[in-house]
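> In the order they appear, the protein sequences are chains A and B. Taking numbering that gives the first Met the number 0, I'd label the letters of the first sequence as residues 0 to 257. Taking numbering that gives the first Met the number 0, I'd label the letters of the second sequence as residues 0 to 261.
One thing to keep in mind: the hints can contain errors.
Unchecked claim - Cβ-to-Cβ under 8 Å is the rule here; a few derived chain B residues that face chain A:
#: 1; residue: 39
#: 2; residue: 64
#: 3; residue: 88
#: 4; residue: 97
#: 5; residue: 98
#: 6; residue: 139
#: 7; residue: 140
#: 8; residue: 141
#: 9; residue: 199
It should be emphasised that the hints constitute simulated quantities derived from the structure, not laboratory data. Built from N, CA and C at the ideal position, the CB exists for glycine as well.
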Amino acid sequence: MTDREIQDSLIRALADAPFRSTPGWREQRLADPSRLERFARFLARHYYYERLIHFFKYSRVLARITGRSPETVLTGAGFDGLLEVLVLGSRASAIAVATLAVDHVRAGDGARDQVPYLEDLTAYEHAMMVVESGARVWSDGSGAEATRNQWSVPIRAEGTMLLDFAYDLPVVLPLLLKPWTELPQAPRRPTRLLIARSPHGRVSVARTSTAIDMLLQLADGRKSLDDLARDAGLRPAELQATLEGLVEIGAVRFSLGS
Amino acid sequence: MAQLMVGAFYNPHLGQELAQATGIDHLAMADPPRADDPWWPMIRERYTLLLHDYLGQLSEPLDERAIARARSLAGLYRSPWVAEHFQCLHTEDGTYNLNYVFPPLYTEAFLDRFVANANALQERLDQPLVMENIPGFFDVAASRMPEALWLRRFFDRTSAGFLLDLPHIWLEAHYHRVDPRAFLADFPLERVVELHVAGVEPDRDLEGPWIAPTEPSEAMLELLHHALHHCPQAKAVTFDAFSPTLTADVLQRSVARIRAAV
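Modelling step: build the complete structure from the supplied sequences, incorporating the hints.
Structure representation (structure tokens):
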């Protein structure tokens, strides 16, 4: 193994709890298992603390009403029970930890009565945290542009979510982060939001349009741009503008055509 | 020693207090300012700002996007130097990421990587690069030389300055059961440009102390006082706390106590 491969093995051991119990890892004898386990658990709590603080910031603000701060789940038995299966950054782990936080916030006394849109809000925060998970591109490398120019077939990116809400959350979200004495209210009207992540890990949210809905349904990695324009009934300029926006936020990527 | 600045990290939730604070010379920026941060214009106007963001791990070359981001932030902050860390926290293929500082193996191969990539980054920056030491909670059998020697050899082969994180030194000394002053003595202190000082608290997972957003102990301030006697090029001391749980009282009291200690 090269030094870089050994370092990768160490990083994986710290991030991937099941990996730490494999014979392949143990036989490397790179570090004291007890100390490494303690540090791995410290890292896991830190990793998900940062994510809960960021993605559940609206629930944190509402803790003065619900009495429930989402990050407190990290010191509870539920999170301790996950420590042997967590893989930092994986989708399954993000779902497990975000679900703990959602259940905790929703269980506050009278929380749903006092914050009518709490169910939508926590579902939104859950989705943000889950969409952010997964491996990311840390470096574009020198060949990225050349490769991109060869791609031609759009495909909906894995993990992209379309979510339907009963309340118009985008109206209330910025208000929650400003000083308030009376709880800001969200208009009750059906709202569909698109949540996507760029290859570099930036999570974006957008209201959808008919064109976006249709493109996300049709972009299966097999249809060409001409097929998409025809099936969606879009003019080429409209198709291009919509696709550019979706590629920018990571909802659609281009794969090599077959 | 040149005029020594004493400062802290910019914590956006304390924006109002920091915009009006006195006795703070500089603020280190761990994240770019949010577009809706009402205090950012005033902060930028009145403070010397130090770029201390995550630019990328120098075990690999930074790509053009990362370099452009570093240059842009350094320009925005008018930062006198640009900081990065001796860290390798994600796998080369991007699959696993610790999202927390973690040191590289102290080997010849990693030394060559960090030297080459730091020199390449320095060539693209308009400001000097400074590099921060990162603590290990456990020893790794594959490391081939002590951290202090590895760092000394890095600084011998680059023009980078040293950002000496004293709590990191203190923690490593604690977990190796050696005196922090003795542990510190082997590090290339003559290259230090900036020092970090912070508090430590017991951590239940580690079953021992770790960095926390609390005031530095008297022992930490004594270590700072001692270290500064051996850091002739030091220009700044920064209270290293960046957390939504940090309070304005703790921040301002810590900066005041650091100022008294230097």
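> All the hints need checking, so say for each whether the structure fits it.
Taking the hints in turn, this is what the structure says about them:
The closest approach between the C-beta of residue 39 of chain B and any C-beta of chain A is roughly 15 Å, which is over the 8 Å cut-off, so the hint fails. For residue 64 of chain B, the interface hint holds, since its Cβ comes within 8 Å of a Cβ in chain A; the closest pair sits about 6 Å apart. Taking 8 Å as the C-beta cut-off, the interface hint given for residue 88 of chain B holds, the closest approach to chain A being about 7 Å. Taking 8 Å as the C-beta contact cut-off toward chain A, the hint placing residue 97 of chain B at the interface holds, the least distance being around 6 Å.
Nearest Cβ of chain A to the Cβ of residue 98 of chain B: about 5 Å, under the 8 Å cut. The hint holds. Taken as an interface hint, residue 139 of chain B checks out: its beta carbon lies about 5 Å from the nearest beta carbon of chain A, inside 8 Å. This hint holds: residue 140 of chain B has a C-beta 5 Å from the nearest C-beta of chain A, less than the 8 Å allowed. This hint holds: residue 141 of chain B has a C-beta 5 Å from the nearest C-beta of chain A, less than the 8 Å allowed.
Interface hint at residue 199 of chain B: violated, since its Cβ lies 13 Å from the closest Cβ of chain A, which is beyond the 8 Å cut-off.
Consistency with the previously given hints fails for numbers 1 and 9, ordered from lowest to highest.
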